[in-house]
Amino acid sequence: MSASAIPMVPTPLTSEQAEAMAQRQIKKHHVAIVLLHWFNAISWLLELATGAGLIVSPYYRFAPLWYLQMMEGIFGSRANMLRFHIAVGLTWTAVFLVYAIFGFRNYLRIEVLQHEIGLDRDDMQWLKVRTLLLLSRTKDPLPPQGVYNAGQKLFALLVYTMVPLIMLTGLTMTFHWFGTTFVAWAMVLHFFAVGMVVSGLMIHVYMGAVFPEEKPAFYSMITGVVDELYAYRHHFKWWRAVKIEEQTWRDELRSKEEGGARSTDEKPDDNSGSDNAPLISRPQSGDRR
Amino acid sequence: MPRYAMVIDQERCVGCQSCTVACKSEWDVPNGFARTKVRQTGTIGTFPKLSTSFYVSQCNHCDRPTCVPACPTGATYQDQSGVVRVNRDLCIGCGSCVAACPYGARYINAEIGKVDKCDFCVSRLGKGLQPACVGTCPAHAKIFGDLEDSSSDVFRFVYRGAAKRMETANIAIGPNVYYAGKPKHAELALASFAPVPPRTIAPGKVWSSLLNKVVYLAVGVTFLGQAVAFFRQLSTGEKQFEE
Amino acid sequence: MSKITRRGFLQTSSALAGLVGTGVASAESRPPSWRGETRVEQIATNCEMCFWRCGVMAEVADGKVLKLAGNPQHPLTGGQLCARGNAGTQLLYDPDRLKYPLIRIGNRGEGKFRRASWDEALDFFATHLKDLKQKYGAESVGFFPHGVAAGFFGTLMKAYGTPNAAEPAFAQCRGPRDIGYQLTFGRAVNSPEPVDLEESKCIVLIGSHIGENVFTSQVTNFITGLQRGAKLIVVDPRFSTAASKADHWLPIKPGTDIALLMAWANILIVETLYDKQYIEQYATGMKELEAHVKDFTPEWAESMTEIPAAQIRDTAHMMAEAKPAVAIHPGRHVTWYGDDTQRARAMAILTALLGAYGRKGGMFLPTKVKQGRIPLPPMPESERGRADGAGTKYPLATEESQGLTQGLVQATMNASPYPIKGWVVYGQNILESIPQRQNTLEAIEQLEFMAVVDVLPGEQTNYADLVLPEATYLERYDPPAVVTTSKRPFVAIRQPAIDPLYESKPGWWIAKELANRMGLADYFPWKDPEDHLSRLVQPLGINLAELKSLGAVSFDGHPYIDDRKEEDGPIFPTQSGKIELVSSVLKDLNFDSLPKFTAVEQPPPGYMRLIYGRAPMHSFSRSENNSWLDDLMPDNQVWINAEFAAKAGIKNGQVVILENQDGAKSLPIAVRATVGIRNDCAYMVHGFGTRAKGLTKAYKRGASDTDLITRVSIDPIMGATGMRVNFVRVLPTTGERS
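Protein chains in written order, with numbering that gives the first Met the number 0: chain A, 0 to 288; chain B, 0 to 242; chain C, 0 to 737.
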């Protein structure tokens, strides 16, 4: 497909086009990210299970008594449960720090963050339409989305703010940083931050694992790839960017083969339908969660 | 099962602080804090008919301790012999229990980042020894024993004598450190060092009154939302070939 | 990369490692003395945080003393141990301790020293003393020791040839009562005081503040006596802890105790309430006494003491009812007004009238213990005799007594009767213990050599030419404690719990090494302290190993007259063999043979009399640098009557400066405005306000009463310095107490 043939907005596909697209794969998540995601998921399960089992005060507890007793039985003592909770928590924190240090350029630079999880006009519109769709009160189409849709972006924003808070408060409690008052507030904020992420997780897990339309997304978190049709349908702006990059790459290759004199075809313009989405020259890679 | 208690005989006590230092030495209590405190009450009366006394205080290992439920992790607990203890492996040093004690018996040991207080020297009891403060007192003013043992001195003081509890109308949680001696001296002690209402630390208040609700609401709403979506999904079915 | 993340990373990984390391740590808090695998050794010794020498068990592991506790098998103190005793580890591990021998550089008083080796230091001492002997004679060296540990040094200085040894214990503390009781009953009171508090039916304290003045077994016996129903009469211008337990608190006008005592004697005699049979059997001089007290009526006494006559009568009746089980405590620090020996005589006379001396519940009798003696070559005789006036100017300050410190200071100042050019100070805080420090400082200027042996760098070390670091009581052997004034006499050991820290050395080693260098090795004919110890205790039939493991070995005592045996000697070893109500010795020396009342000078308007005392968590001026005791009481306060304070516009807690009649000023001190003190007195605890910079925790904390004791009233009988003759007024400072 030539550059000029890359649509700027999603258009209906012919069945051949659709079938062809369904066969092709686009890489969405790097292996490193896939590993991190599942490591994170397991850590969260362990931490939630033990964390819930640790809060026993009648003023603050939320798990039922039988659960508390069961967990205490499994670990032998609540002190052991706390040690486990801290061990997993510190490992989890350490792994994320390693990723943060070594992957800063790829994942945490402002430009990257703005592009991947910043909300643009399409996102705001999407949120409105999606909610109305859920309530069966509209038949409008959803506006095109980037590599992550607005819902996923919201979840990412939640996680990016809450997780550092969880880590910091966890460390504060583990090492008694800055004294009792800080530890006491850390305790409360730790619970709150976790609670907020858990409520986001409700949607995230449902959408990822149960909701049929997002099945390809789920599998991409195992295989690292999605089929092109899914990308076209659900993450058009990303699909377009990948296509453009592909085209550019092909053009460069051809011009090298032909001796480099020929100029490339008309450059694709920047109007990918969004005001504030810069052209990225590197392949985007997946999740940060 | 024994039910441990202590009796402080105010007529015997001379306020010499031997107990404070013996305890400090036994338990590495840092300067500025104490597991057991000796304080002089005010001096009342008109010269020369004056009255004063000493109030020796520590954890009272109460019947209905307000500190135990306040501890988020359950690090503070009451064992079967009534001793309120702190499991250092579970304590994070948040200070909830310190505020919850009406007698100010607890403190945060900054060196280890955890709460500390009198535990009736349980590890010494296990070796057949008296609590450190009891053995060292020159005036034998501290009497320790088992309230279940009718031949013990504490039994005699509590059930046959007139040993008093440091309780007020508002705060009566059954402290098991009793005070024997002249009633006016117990009154002086109560007047000078009455127990105060247990407090909840600010983060704790925020937690139980506000954040708990917010989190339950958020989790509840999102859960319900997904439940609704799931049921819709069940009813509409999944298409084999998607459009 | 941001520093925080890297540090966080490192912290995290080290935390993980730490987590693995702690493994399954103990869930319960455990004190260091109960470490799982470490073998904890229990060493029996005795305490030196004061001089009561309570039995102590030191728990030792890995060369560290983990904790001190009482020795349950100690015959005097059982398992009890006071606050200072429990805090002994903080002396042992005090970073301010003297660690190495020091030789002065710079001017005397600047406190500038260089470190020296022991060899150099010991040679330095020996050389200087040899020089002084050659130039001025051995008597030119004054020796200021303190405590039983000074025994080895005492031998050294005697062997060297100086008779001029003076301890504050006599002229600044117990002297008057020891002489007063000796004149009456034939023996000094000694220490621990043989007062039968636990069996008493009526306890009388004249100025004594048991409970703030804490000697473990004395508190135990005092409280036991009270719990058994003893009545308590407390005579004190201040509402002390003891007064708070009293049936009668008599807030006596200071300086009038003799009036009260004589009035009590009057009542007992006039109403025939005294123990007639006892007096007839054991005492002489009753007729003279009867005539003497005729005019000391309660009404007269009321006008002197400001105590109601009715109360004087009531308390006399209370004592009479309880006789002979009446314990009139002789007191301990009794150097108050200059008539203190006479006051002690009055107390002794009263004790005799009640039939209490040698009786249950009164004062019991000491039982001799057959100590071993290590034969030494004869001590050199001094031709010139003592320079301090003991035995001469003050004939009753005998050789057996511990000398007159202020006499030695005066002799040094004035080079009279002969020059004193060297001072050896062993464990004595001369600038705090001896009043009129301006004299002590002037005297020091006359010295050519001053050596200080001590554990902590007290103020006197600043003025030394040579400082020798002694090991603490937990690191050394000392002469055994032989206690006869206990119902069961005993011998107690002091043995080291650990080896001396730093380069500190035990006193016995220092003395012996010096002896070797000074040609006096023959006076130390034992090879090590265990040898010394075993030779002393062997005649008692004590096995050294047994003594080392038990800490003390006791023997049967004969505390009451009815128990006495032939070998105990006469009950009343006076000249007449009886209780001398009228003192023949005093008569011969032209002193009042019966106590007379003399009025003391009153404070001028606006001034209060300065009185002082003890606190239960400190030992005079030696414990203020102890980290734990400092935590309990970091400084002292001045007690001022609340009304007086209010009238003078002084608030409770306000920081003030005290100025005395001679213009001497104290360091800033906080006020305790209280209803519990007379309005003509100001009270503070002794021992604070040190100028020793080396005592980093105690330096200038609180105020020193010694600063304000610029004048004394000398007891003409035995030379004690009465110190409660200074008057202070309050100068407000700006600012509240920090």
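For the record, the hints were derived by calculation from the structure and aren't laboratory data.
The reader is advised that the hints may include incorrect statements.
[As the list claims (entries may be wrong)] 25 angstroms max Cα-Cα, derived SDA-like pairs, lysine to any residue: (1) C:LYS230 x B:GLN232; (2) B:LYS48 x C:GLU301; (3) A:LYS138 x B:THR45; (4) B:LYS36 x C:GLY612; (5) C:LYS230 x C:ILE560; (6) C:LYS252 x C:ILE560; (7) C:LYS650 x B:GLN232; (8) C:LYS646 x B:PRO47; (9) B:LYS212 x A:HIS189; (10) A:LYS127 x B:VAL227; (11) B:LYS48 x C:ILE560; (12) B:LYS183 x B:GLY103; (13) A:LYS127 x B:GLN232.
[To be verified] Per the computed footprint, the stretches of chain C lying under chain B, defined by three or more beta-carbons under 8 angstroms from a beta-carbon of chain B, are: (14) 84-90; (15) 203-215; (16) 614-627.
The beta carbon of each residue, even a glycine, is placed where N, CA and C say it ideally should be.
Verification of the hints:
no., hint, in the structure
1, C:LYS230 x B:GLN232, "violated (92 angstroms)"
2, B:LYS48 x C:GLU301, "holds (18 angstroms)"
3, A:LYS138 x B:THR45, "violated (91 angstroms)"
4, B:LYS36 x C:GLY612, "holds (23 angstroms)"
5, C:LYS230 x C:ILE560, "holds (24 angstroms)"
6, C:LYS252 x C:ILE560, "violated (36 angstroms)"
7, C:LYS650 x B:GLN232, "violated (80 angstroms)"
8, C:LYS646 x B:PRO47, "holds (19 angstroms)"
9, B:LYS212 x A:HIS189, "holds (15 angstroms)"
10, A:LYS127 x B:VAL227, "holds (18 angstroms)"
11, B:LYS48 x C:ILE560, "violated (39 angstroms)"
12, B:LYS183 x B:GLY103, "holds (23 angstroms)"
13, A:LYS127 x B:GLN232, "holds (20 angstroms)"
14, 84-90, "holds (count 4)"
15, 203-215, "holds (count 5)"
16, 614-627, "holds (count 4)"
Against the hints set out earlier in the document, violations occur for numbers 1, 3, 6, 7, 11.
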